[in-house]
Structure formats: structure tokens, C-alpha cells
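Fit chain P to the supplied structure of chain W, relying on the hints for placement.
First to last, the sequence lines map onto chains W and P.
Its first residue numbered 1, the first sequence is counted upward by one per residue in my numbering.
Its first residue numbered 1001, the second sequence is counted upward by one per residue in my numbering.
You may find that some hints are simply not true.
Coverage of chain W stretches by chain P, computed from C-beta distances (three or more under 8 Å per stretch; other residues unrestricted) [said to hold, decoys possible]:
no. : segment
1   : 8-15
2   : 18-32
Here are some chain W residues pointing at chain P (derived, C-beta under 8 Å) [said to hold, decoys possible]:
no. : residue
3   : Ala112
4   : Val114
5   : Ala116
6   : Pro117
7   : Thr118
8   : Pro119
9   : Ala122
10  : Ala123
Keep in mind the hints are simulated off the structure, nothing from the lab.
These figures come from a predicted structure and were not determined experimentally.
C-beta atoms are modelled at their ideal positions from N, C-alpha and C, and glycine is treated no differently.
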Amino acid sequence: MKPVARRDGLLIRELKDEMLVYARDEHRAHCLNRTAATVFRNADGTRTVSDLALLLAPQSDLPAAEAVVGETLARLAEAGLLQGGPAAAGWSRREVVRRVGIGAAILLPAVASVVAPTPAEAAVTCVSDCSQQKDGTACNCYGEPICDATCISGSCSAGGC
Amino acid sequence: MGGLPSMMPRLRRGSARAGRIDRLGWRAGTCIDACGLRVGVRTNAPALLDRLEPHLPPGWRACASPLVDQIFSVWVGPGDARRPTRVYAGRSRRVRTANLARALAVLESEIRQSVAAGAARRTFVHAGVVGWRGRAIVIPGRSRSGKTTLVAELVKAGALYLSDEFAVLDGRGRVHPFAKPLSIRGASGCDRHAQSRCAEELGGSCATGPLPVGLVVLAEHSPGATWRPERLTVGQAVIEMLAHTVPARLRPEASLSSLERAAARATVLKGARGEARELAGHLLRSVEEMESVSRRGAGEGGTR
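Next up, chain W with everything else stripped away, as it sits in the complex (with noise of 0.2 Å):
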């Protein structure tokens, strides 16, 4: 299997020993550890499993790194990541866990994602609108505010503005 991380519409920031990585069509972000971002940077369709596993340790056990390497796999696919879908990854997290050992546990990918929100979302202190909020947005109808009201199916809990 020669991996090959998504390219398209993505936004990619390099940090130190990290990736950012911005989805513009779906609006997510994503954090990649440095063992993600190896992998992400160089799953290019021209490197197997092994070859990825030598990048990112070169001096470790190679099972064991091929393994941190699938896991790896499976995290980018969920995050969208990967061209294939999770269908490429095909590794069980117990079973990463097993072959790493607590020895390459630093190895462990890591992507923590984030759906960007809209900018009523970010910006609104309270709604006075309840139409299209999600259920549970806190809604207040400015001059006239309403104790604990939320909105709920597309109106104000306390009876709408």
C-alpha cells in the first residue's frame, strides 16, 4: 500500500514540530503532532508503509514503527486527510498500541480537528434570532432580555423575540 495524503483545498501551515491543516470546503482544522505531519507531508503515493515508518524512526523497530505509521493513517483518514477514506487505513488502535510498547509510545500520532464556526456563531453573545441557531444557543432579546431562555426548534425558548 503506497499512501497518498490529501492535497486539495487544503491551507497548511508548518509550526514547530507541528502541521496545521485547514479544510476550506468543509471549514475544519486540524492539529497534527509531529508523527502525523511526517506522515501527512510524505504519504505522496510513492512511499509504502515501511518506507514511512523509516522516516519517522529510522533507528527504532521497524513492526513497531510500521504500526505507529498505521495508526497514523487511520487518524489522517478521519480527519478527512486522506485520499482513499479510512478504507486505506486498515489498523486496529489496540493493535498499535500492542506492537508499539510503552518504549515508542512518543511515536503516537496525534490530530485534534476543529469545525471552524460561522461568524454568527463566534461573534454572538446572545441571539435574538432563533431561526437557524442549533438548539441550545443561549437567545436574548437585547433591550429586553430573558433570564436562561435558549433557543429551541428555531425559537426562543421564552417565547421569541
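Chain P only, in chain W's frame:
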């Protein structure tokens, strides 16, 4: 600042028109610049302009040109239920009410949100901000997450007040003041009993210029919790702050860049907190320790 200029605003070429709203018989208007976004307000009741100033975004400046990026319109009705006052943002009606004070509150909120989304040279993060020892403490969080309570405690403890709503970041990752009176809710978190309190009323004062970010605090209030935060990496910090960033979808590249620059020079802590007063003391001490470490690193020595 100065007085509001009297001029009828016009949208810049290429901006979306307001359609039939443009033909409602506007008689007076004004134009301001807030964080680089040019905003026009027009009304059918010229006397309204005299009441507008307290509702404009912090740091607004008068514009010399009538060309603006966004127009807000306030059609003032005679006060009866059949012909209420209406507030429009562009062509979208935001409120319809017989209560003029409420209409102005809606206008104020709409303009602020519009500036937060549209200011091209600033990145607005929903957050409370104070300054201490020349560094900003930024507290991102959703509405009702306890930001304002924590900001108020920090101000009472002597920190400078920058904002209880938005951290306004520039391209260098510094945070600028955006100080409106703190809106402090009642003990039950009830908006009905919310009070507007100036920093001075809490024994503090407002910052007058931008500060580098020294500390970012991602704290969820949990009664009885002890503050034992984890320290985040720069990348993790950017992801956490992006969730509260107003232009994240509109300008992801600039947003990520500003957040990264802010986080790169800051300590970023995340955890559950107990009472705000207790945490305020911890945070101020953290900044003092950072300052002392940085002084030792720079080999400056001495005292302030």
C-alpha cells in the same frame, strides 16, 4: 473620536445593494470607520443621530467620505404598534419594535458583529482580555462561559481592562483594546439583572494601546474545581482559539496567522476552574513569573 459627521452613506461599488430598503425615505446619515471597516448608518429621523454615539463600536473614527462597506438603516416609527421602529443590516431586517431603546441595542450589537466579521486587518476572537505587567491575558470562550466574571475579578485585582467581548488581534499577534462597559449578569446568570459596569467602577482602568499576548486561558467553570491546567502547544492553542474566531471561515489564512503569532509568544493553559476570584490571583502570578523569567533571560535585572 469627535462628533459624528452628517452625511448620507453610500455603498462602495460592487457591494450588495439594499433593494427596496434604499427607497424608504432616508433623511440623515453618518459614516464611521471601526477597525478599518467603514460603516454607514442612515435614518428617517435626523434627531436619532444625536443618540447614536454611545452605541458605536469602541475606537470608532469619523469618516470623511460617504463611501462605506456596510449600511445599517433605522426607520423610526411614531411609536405605535402598527408602525414600529425597524433596524436593517443591509437588506435584512434585524428587529421590528415599538421600543426605540431596544432598536438601538440591536443596532449596536449588529454593528459590533459586523465589524468583528468584516475588519480585514484585525482578527476578532470571542474572548475577555485584560493587561498585566505589559502583557495581555486572553480568555476565549462562548457566551455564559464565565469570561466576564473572570475579567471583572482580574480588573478588581488591578489588571487593565481591554475587552469583555472580543480579543482584537493584529497581524503581529498583539491584542488591541475593544473596551465597552462590562455586562455583568446577576448571580443566577440572568440577563434581566445584567448591569453595565465600567472598569473604573470596579477600581480598574482601561488599556490605551495594544499588548503582546502573554497568557491564554481556556477555562471551563466547574464549581469546586481546583485549577490544574494543562499547557497546550502552539498548534493546539491555535485550534482551541479558532473555535472562537469570528472570521475563521471568511479569512482562514489571516486568522491562522494572527492566532499563531499570538500563541507563539504566549503560555496557553486549559483546564477546569473553580471560583473566578481564586483563578484571577493564579493568573496574575503566572504573568509575573513569565515576566521575571523573561527578564532573567534578557539579562536585564533590576526592578520596575
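(request) Please flag the earlier hints that this structure goes against, numbers listed from lowest up. (result) Hint check: nothing fails, all pass.
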